[in-house]
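Here is how the chains run, residue by residue.
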Amino acid sequence: MEFTVLQALLIALWVAAVQSRGLGYATLTMRFSPMMTGLVVGIVMGNVPQAMIVTATIQLIYMGVFAPGGSMPSEPAVATAIAVPVAILANLEPTEAIAIAVPVGLVGGYLYQFRFFINTFIIRLSDKYAEELNDKGLFFSIMGLPILVSFALYVPVMFVALYYGAPFIADLTAQYAGGWFFHILSVIGGGLAAIGIALTIHVIGKREYIAFFLLAYFLTFVLKPLNVTMVTYAVLGSIIAFVYVLVTRMQNKE
Amino acid sequence: MAKDLTPETLTNKDLHKSWFRWWWANEVPHAFDRYIAPSLLFALMPTLRKLYKNDDDLRDAYRRHLMFFNTQAIWGGGTITGIVTSLEETRAKQIANNEEVTVSGDLINNTKLGLMGALAGIGDAIDSGTVQYIFIAIALPWAQEGNPLGSLFPWIGFTLVTYLYGFYFTKMGYRLGRSAAAELVSGQRMQAIIEGLSVLGLFMMGVIAANYVKVSTILTLSLSGKEFVLQNILDGLLPGLLPLVTILGTYFYFSKKGIKVTNALLWLSLILGGLAAIGLL
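Heads up: the sequence lines are chains L and Z, in that order. Using the working numbering, the first residue of the first sequence is number 1, and each one after it goes up by one. Using the working numbering, the first residue of the second sequence is number 1001, and each one after it goes up by one.
For the record, the hints were derived by calculation from the structure and aren't laboratory data. There's no promise every hint is true.
What the hints assert, rightly or not - One side of the interface only, derived from the structure: several residues of chain Z facing chain L at Cβ under 7 Å: (1) E1027; (2) P1148; (3) Y1251.
Stated by the list, open to error - Partial pick of chain L residues on the chain Z-facing surface, computed with a CB cut under 7 Å: (4) G46; (5) V48; (6) P49.
Unchecked claim - Cut-off 30 Å, straight-line C-alpha distance, at most; resulting in silico cross-link-like pairs (DSS-like, lysine-lysine): (7) K136(L) to K1050(Z); (8) K1093(Z) to K136(L); (9) K206(L) to K1256(Z); (10) K128(L) to K1053(Z); (11) K1257(Z) to K206(L); (12) K1171(Z) to K1226(Z).
All values reported here derive from a predicted model rather than from experimental measurement. Glycine included, each C-beta is placed from N, C-alpha and C at the ideal position.
Just chain L, same shape as in the assembly:
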């Protein structure tokens, strides 16, 4: 189980950058979805294909996870940064990697809250610079310092977890892989995707719209032998949405 200092450090730096939100709203998808972190881990570990496959499975349980008011119950990027290396090191099935991702993601949530806590002190500095009309100072206290804090929080924690934790968990899981216990994990992993999808249905809103969900659900089973691509489904969905809006608008005019 090889995992170098440089690899652990690179992944830790990436996570810190994402969680600092330092790239503005471009970091929203990086934080809310595991996809970009999975790709970066794959590049760092020299195994992009396997990283992508595992990450796609992790994505499913984090569908619909969003942060009303800014805090999330779980941190997909943090979860992915640990679970994907473990999955690659121990050669796990994607569904088995979920068992590692879920608890790690929950712990990651606390770290993000801690960032808010420290920022609460930094804002006093912003107050002072605002009184002085010091724009350079404000740049430092609004952007610079919070980003530095995020790196100070995430880099050490992630580095230790990756460098010491990941190979350890990988060894442990590799010993038990394939047994009864992993059958259970794999069943859970396959079913947990339901959470993200149910959440998305709930967030998108109107209960009547579930009809469109069910339509697509059964349509996909019926059309399975035809190998319809996702882009085709997106086009079909757009047409159905367009027709729906057209019809409801006509009704409103009458």
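Here the structure of chain L is known, so what remains is to put chain Z in place on it, guided by the hints.
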């Protein structure tokens, strides 16, 4: 010689600068007590400098935008950045021309506080909840084949699209002032777009669910000496029955108990794990 106190004219470039600065700062300084107020100040600093040529008025404006503020970045932040810019401009002109100041600091703050919640609600549901997942849904099959495009496509697509319509909201907020919010929340065109996106979002979720939620039973029944694989019987009845039951069950859990993701994760793990342990799944 007296300093010229006339506010400078704001251009489209100034608006874009504010929008970019808001977009960039967004969640960086998020704090417990005042949330993302500093980001709005950071966004408006260059604009405020152009408008208030008197240090006292400028300081007032800086203070005003360090108070509590929290909203979603695109629908809330974009629109409010525009609206606040137009209000600050009116106020600065009134002060400079020695007119009666009808746009008070309180009015500006109350406008921000009044709009931020409703706009954030729409923004969270549409951007994080729908648009993001439409992109991800399209790219998931690529990811499952091990293709990096599965990660790059949703990131680039979502970032680009939200940046563009966020700036559109900023311009709209500036042009329409406070009525921009009403346009977003109840305007007919906007409603049609939101409804269309919701339908598309749910449709894509249906496709994703059918492809990726895996719940199946491994139970076999022996009836009068014959072996029946229960899953085959279920598939003959209605394909995808068990995953659908799992999804709808979780959906009703969220409808009844509110969005408690951690609890749902634990419960579902327990139920699925339990059923797997006794050999049903």
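Open item on the list: Need the list of violated hint numbers for this structure, in ascending order.
Closed with: Checked against the structure, the hints that fail are numbers 4 and 12, while the rest are satisfied.
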